[in-house]
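Novice: Okay, here's what each chain looks like letter by letter:
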Amino acid sequence: MVLQRSFAITPLSAGKREMTRFILIRLLQAAAVLAVMSFVVYTLIGLMPGDPIDLMISSNPHLTAADAARLKALYGLDRPLIERYFAWAKAALTGDFGYSRLYLRPALEVLLPRLGNTAVLMAASLFCAYGLALPLGIAAARKPGSAFDGAVNLLCFAGISIPSFWLALMLILIFAASLGLLPAGGIATIGDGGLADRVRHLVLPVATLTLASMGAHLRYVRAAMIETLRQDFIRTARAKGASEMGVLAGHALRNALVPVVTVLALSFGSLFSGALVTETMFAYPGMGKLIYDAILGNDFNLALAGLLLATAMVLVANIAADIAYAAIDPRISLR
Amino acid sequence: MRRWLEVLRDKRVLVGGGFLLLLACACFTAPLLAKLMGIDPGDVDLYHRLAGPSLAHPLGTDEIGRDLLLRLLEGGRVSLLVGIVAAMAAAGLGTAVGLLAGYRGGRLDAALMRLTDGMIALPLLPLLVVLAALDLKKLGVPASLADSEAVSLYRIILLVALVGWTTVARLVRGTTLSLKARDFVRAAVALGARPSRVMLVHILPSLASPIIVATSLAVGEIILLESVLSFLGLGVAPPLASWGNMLTGAQETIALAPQLALYPGLLIFLTVIACNFLGDGLQDALDPRAERRPA
Chain A
1 MVLQRSFAIT
11 PLSAGKREMT
21 RFILIRLLQA
31 AAVLAVMSFV
41 VYTLIGLMPG
51 DPIDLMISSN
61 PHLTAADAAR
71 LKALYGLDRP
81 LIERYFAWAK
91 AALTGDFGYS
101 RLYLRPALEV
111 LLPRLGNTAV
121 LMAASLFCAY
131 GLALPLGIAA
141 ARKPGSAFDG
151 AVNLLCFAGI
161 SIPSFWLALM
171 LILIFAASLG
181 LLPAGGIATI
191 GDGGLADRVR
201 HLVLPVATLT
211 LASMGAHLRY
221 VRAAMIETLR
231 QDFIRTARAK
241 GASEMGVLAG
251 HALRNALVPV
261 VTVLALSFGS
271 LFSGALVTET
281 MFAYPGMGKL
291 IYDAILGNDF
301 NLALAGLLLA
311 TAMVLVANIA
321 ADIAYAAIDP
331 RISLR
Chain B
1 MRRWLEVLRD
11 KRVLVGGGFL
21 LLLACACFTA
31 PLLAKLMGID
41 PGDVDLYHRL
51 AGPSLAHPLG
61 TDEIGRDLLL
71 RLLEGGRVSL
81 LVGIVAAMAA
91 AGLGTAVGLL
101 AGYRGGRLDA
111 ALMRLTDGMI
121 ALPLLPLLVV
131 LAALDLKKLG
141 VPASLADSEA
151 VSLYRIILLV
161 ALVGWTTVAR
171 LVRGTTLSLK
181 ARDFVRAAVA
191 LGARPSRVML
201 VHILPSLASP
211 IIVATSLAVG
221 EIILLESVLS
231 FLGLGVAPPL
241 ASWGNMLTGA
251 QETIALAPQL
261 ALYPGLLIFL
271 TVIACNFLGD
281 GLQDALDPRA
291 ERRPA
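These protein sequence lines are chains A and B, in that order.
Using this note's numbering, you'd call the opening residue of the first sequence number 1 and step up by one each time.
Using this note's numbering, you'd call the opening residue of the second sequence number 1 and step up by one each time.
Looking at chain A on its own, in the form it has when it is part of the complex:
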């Protein structure tokens, strides 16, 4: 896909005041998206099978039909959807997302530690993905059409096409089941939990998410570098006697990064989707697995809070990438 951003390109560089305004507007937009999402997801969750009161009845045979009706009235489940949504939203704005049915604790209290685990997984994978994509993409772009470039291209296709849950299965099969080198899941050995142990548990999940998300990034780095290396200013830099490293890192990369960051900004959503699969495969206690378990376990409060927190996280990452985008390319005015 060819990605464009709706920024106007002017020769003026962005001032500080403009930047503040830009961030404020983006934050307001994100808040609006979040509000719409919360209503949509609230409605959808109400359409899932099972009813919170029915679930209570099934776990407590002493409840009578009259009790059930009283409970429904108590929790306001007999009121119309809009009214219930606003009651929920009012509580949510004060940080009250209700109780988790599965964990018997406030939903937010369950979510926050998981958020940290997912952030570690996603950040480590993104770091590794770019740690591989930048040098490989640049090296391939120097000699387009060479055997090495062909291999990198094949790697791109493989990365884009591989089902991440199957990749996880294969890594478990090779490194955990056959070789016994690494743990097949979890976050730490019970009774250990030191840093080295945590890292050992992170290797396979991070490898899965890195390989599954790297393809798209590698492809953009390579394409953007090929495009940039063809430009006149690169020839000028070479003619002036700049070293090869200086040309690549100093002149070309900075320009090539502009489209690369655009892709990065749009990729956090799919990275989170990948994290959901990876966490489920490796029983890694992160947000993605929590949301999946909450949805399947009819834990409505937790699922709702988790989905909104995940969306908020993706939107914030998106804004951060947009700011980086403007910082890299001074031609972009932040309207």
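Don't read these hints as lab results, they were simulated from the structure.
One thing to keep in mind: the hints can contain errors.
As the list claims (entries may be wrong) - Result set (BS3-like, lysine-lysine): computed pairs, CA atoms no more than 25 Å apart in a straight line: (1) A:LYS240 <-> A:LYS143; (2) A:LYS72 <-> B:LYS138; (3) B:LYS11 <-> A:LYS143.
Put chain B on the given structure of chain A with help from the hints.
Specialist: For chain B alone, coordinates are given in the frame of chain A:
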């Protein structure tokens, strides 16, 4: 016509297209093969669970003793069918969005492209998990349909089509923007053709190649999405086989029968790669002047 023959000179088109064609032939003639082998792919044989390859079962058997080869071909039929049908639906939706956005321009264009960007940027999988878990009866679907076996098939096709249209919309919008400025379109407008006529009669036929390219890329994307949802137990429901749901139980038996985890995933991987090769090759072959698609 010559343009279409020339397409075959591209190695990626030949390899990707050839593989998909062979696979489709194998999958759709599976019932014939089952007759030849004299076994029913649904036959459970608990005395021969997780068996290795043998003359009767060339790839061995699965966790309840069904023939793995026939199961794989059955699953392939479902996965390919879902991929192709959903990709066509997604292509229709994406073409409509891209054509409207590109031709009308202005506010509508901005709004539709915001929507497309938003779809790409959101964490779609958790949302799809919610959508797949909805109680269809609460949505007013008649109970006879909601409880039937085929409903999981319809649901997954609808779901993946709803999120798979973005690639098509982007490519179609881009081409529409450049076609809009061409003389034959401007002549049609000058002669007083209505916008709907300009779009459908004058622009749409020229969009054939980007639509074909984007659709073949979308097939890959959609097969990947279907497989992950089926794997998570929210897509194609057993006993109907799909490559994704064949892997659901594979994690438990991975030490005993690694082949059960290997083959279905390998087929997903190869099929999606073939779709991407085909789409990429078609893009270069059909539209040599266009800027090379960076991703």
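Novice: Are any of the numbered hints broken by this structure? If so, which, sorted upward?
Specialist: Violated hints: none; all satisfied.
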